[in-house]
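Asker: Given chain A's structure and the hints, the job is docking chain B onto it.
Taken in order, these protein sequences are the chains called A and B. Heads up: the first sequence at position 232 corresponds to 232 in the working numbering, and the numbers run straight through without jumps. Heads up: the second sequence at position 47 corresponds to 546 in the working numbering, and the numbers run straight through without jumps.
If you are wondering where the hints come from, they were derived from the structure by calculation, not from laboratory data. Just so you know, not all the hints are guaranteed correct.
[Unchecked claim] Some chain A residues well away from chain B (every beta-carbon gap over 10 Å; in silico):
| # | residue |
| --- | --- |
| 1 | Gly83 |
| 2 | Val169 |
| 3 | Ala234 |
[What the hints assert, rightly or not] To spell it out: a stretch of chain B is covered by chain A in this simulated footprint if at least three of its residues, at any positions, have a beta carbon under 8 Å from a beta carbon of chain A; those stretches are:
| # | region |
| --- | --- |
| 4 | 510-522 |
| 5 | 540-547 |
| 6 | 554-560 |
In this text the structure is predicted, and so the values were computed from the model without any measurement. Note that CB positions come from ideal geometry on N, CA and C, so glycine has one too.
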Amino acid sequence: MERWHIVTAVVIGYLAITLTIGLLAGRRTSRGVTGYVAADRKFGVLPMYFIVGGTIFSAFAFLGGPGWAYSRGAAVFYILSYGVLGIAPWYFMGPKAARIGRRLDIVTQAQLVTARFPSRALSALMAVIAVAAFVPYVMLQMTGAGLVFNVVTDGNAPFWLGAALAYGVVVLYILVGGAAAVGWTNVFEGAVMMVVAWGLGLYLPFKLYGGIGPMFEQIQAVRPELLAMPGLAADGTSWSWGAYSSAILSSAIGFAVWPHLFMKAFTARSDAVLRRTVVLFPTFQLFLIPLILVGFAGVLFPTPPAQPDVVLPHMVLQTGLPALIVGLFCAGALAASMSTGDALLHGAASIAIEDGIHPFVQIDGRRRRILMQVLVLAVGALAFWLAVVKDFSLVWLLLSAYGLIDQLAPPIYAALYWRRATTPGVIAGLVAGSATTVFFFLNPELRPFDIHEGIVGLVVNVAVLVAVSLLTTAQGREQVSVFVDSRTAPAREREPVLR
Amino acid sequence: MTRLRRAQRLAIVFFALNAIALVFPGVLPFRGPEPFVFGMPFGMIWTSAWIIAAFFVLLYIDSAYRDTAPAPDDAES
Chain A
1 MERWHIVTAV
11 VIGYLAITLT
21 IGLLAGRRTS
31 RGVTGYVAAD
41 RKFGVLPMYF
51 IVGGTIFSAF
61 AFLGGPGWAY
71 SRGAAVFYIL
81 SYGVLGIAPW
91 YFMGPKAARI
101 GRRLDIVTQA
111 QLVTARFPSR
121 ALSALMAVIA
131 VAAFVPYVML
141 QMTGAGLVFN
151 VVTDGNAPFW
161 LGAALAYGVV
171 VLYILVGGAA
181 AVGWTNVFEG
191 AVMMVVAWGL
201 GLYLPFKLYG
211 GIGPMFEQIQ
221 AVRPELLAMP
231 GLAADGTSWS
241 WGAYSSAILS
251 SAIGFAVWPH
261 LFMKAFTARS
271 DAVLRRTVVL
281 FPTFQLFLIP
291 LILVGFAGVL
301 FPTPPAQPDV
311 VLPHMVLQTG
321 LPALIVGLFC
331 AGALAASMST
341 GDALLHGAAS
351 IAIEDGIHPF
361 VQIDGRRRRI
371 LMQVLVLAVG
381 ALAFWLAVVK
391 DFSLVWLLLS
401 AYGLIDQLAP
411 PIYAALYWRR
421 ATTPGVIAGL
431 VAGSATTVFF
441 FLNPELRPFD
451 IHEGIVGLVV
461 NVAVLVAVSL
471 LTTAQGREQV
481 SVFVDSRTAP
491 AREREPVLR
Chain B
500 MTRLRRAQRL
510 AIVFFALNAI
520 ALVFPGVLPF
530 RGPEPFVFGM
540 PFGMIWTSAW
550 IIAAFFVLLY
560 IDSAYRDTAP
570 APDDAES
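Chain A extracted, bound-state conformation (with noise of 0.2 Å):
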């Protein structure tokens, strides 16, 4: 028996206990909307922590985070800074949006603004932004998936089929379980992932340079600019601090708000579970770092890889690690890209119906249901195709999905926090910042001092958002309090958004 079928069956060891978990964490929850996007909301700590944990960190941090300390050296250390401030805001954010969504009967981000701010178009417009930004990270988590499956197998297992593979498995999944079989996979990914990237990323400088210091010392010796920050740019030139700095803050301020994220304080069952999540969010963080030793101890391997992204799979396979060990690796890699990859699908499917077409056309419980259902399969296959046809760095492909998302936190923290705010005053500063940050994003030479278009786009945003809202009238001090004062506003049901 060869090496990759010792591999393979590993592998497909792993799927099928996915796919068991799955499957079977459906079947408690409520056949209705709620249960369907919103698990009934009965996660507790420990699901809560892993979800988003395994929700955040993705193919990106576990393929393209050693590929940026192995090709971009300390510019990686961008991806240590962002997490905990982005997490941070939810500590407030999230329970005070979970109280919300129980009174209102709220399970979308874009559900929460519209009941503040009532507007269909304003729905529509968080609807498409969202699923606009999520093709293409879930096109990142099937690229991921594809090329571990395809660098493992020594090349026998197409890049596609890896992909398809692994999809095939989280498309059957969240058919039949929807928020409940995404939550309960997550668990079991994420303590996979965390178990072989701790694992790895301590064994790997051990074995190849006899410890994290020696290895440091030698990377010093010979490639000292990788361990300065900024670190390098993807031409191998210096990177700019503008570029660094803002990359962080663009990470950081979309981090919380992305969609899909945002949903699972709807999960939750009480705000105490989520303000435990993030507690706890930090221990889950440091996964990062034995991932970063690896990319650093790929700097004087003896071997280049293909390509930076597939550095990490690379040493795994060249280091003569037991056949078994590489199949628990790939095991843990397809756990990072699936774990992520399952919430971005069911976001964008429930996203697309709940937000882009219910607002506009009345559909009861069961058929949303089935519609969402059939979305998941859509964008799937959408971003399967792209993912096989098309070729992009997993990095840059998450970069540019940040831009658009950071542009959904004003609406988000004005619904929340700014009595002042008014629906023009939100929507006009949402259409500004998001063609500011297209058209910096199409015109990178364009942008000051380096900074990332995200930023830009959110500069803009806030300051249509506050001179709009302050040119109209304001909106009347009951409806405000529903969202401002959430802990004292009188009960109230949610009206359907119909302007």
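Answerer: Chain B alone, transformed into the frame defined by chain A:
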């Protein structure tokens, strides 16, 4: 000032400092690879130390929250 209010203010100050310390120009004094700490470049240790510090600050804030009377929505079902 209640303990909860103090904790909330601490959170704002801590995370503002956290942001300043990790981006330009606040990170400049800590950008270099030396001194190596636990064998790792100082920039990496500096960035990681903020994650660990954030964990303890969040723990403190959460303990202050738990000491206050929970709102009805806070009750575990």
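Asker: Checking each numbered hint in turn, tell me which of them this model violates, lowest number first.
Answerer: Number 1 - this is the single hint that the structure violates.
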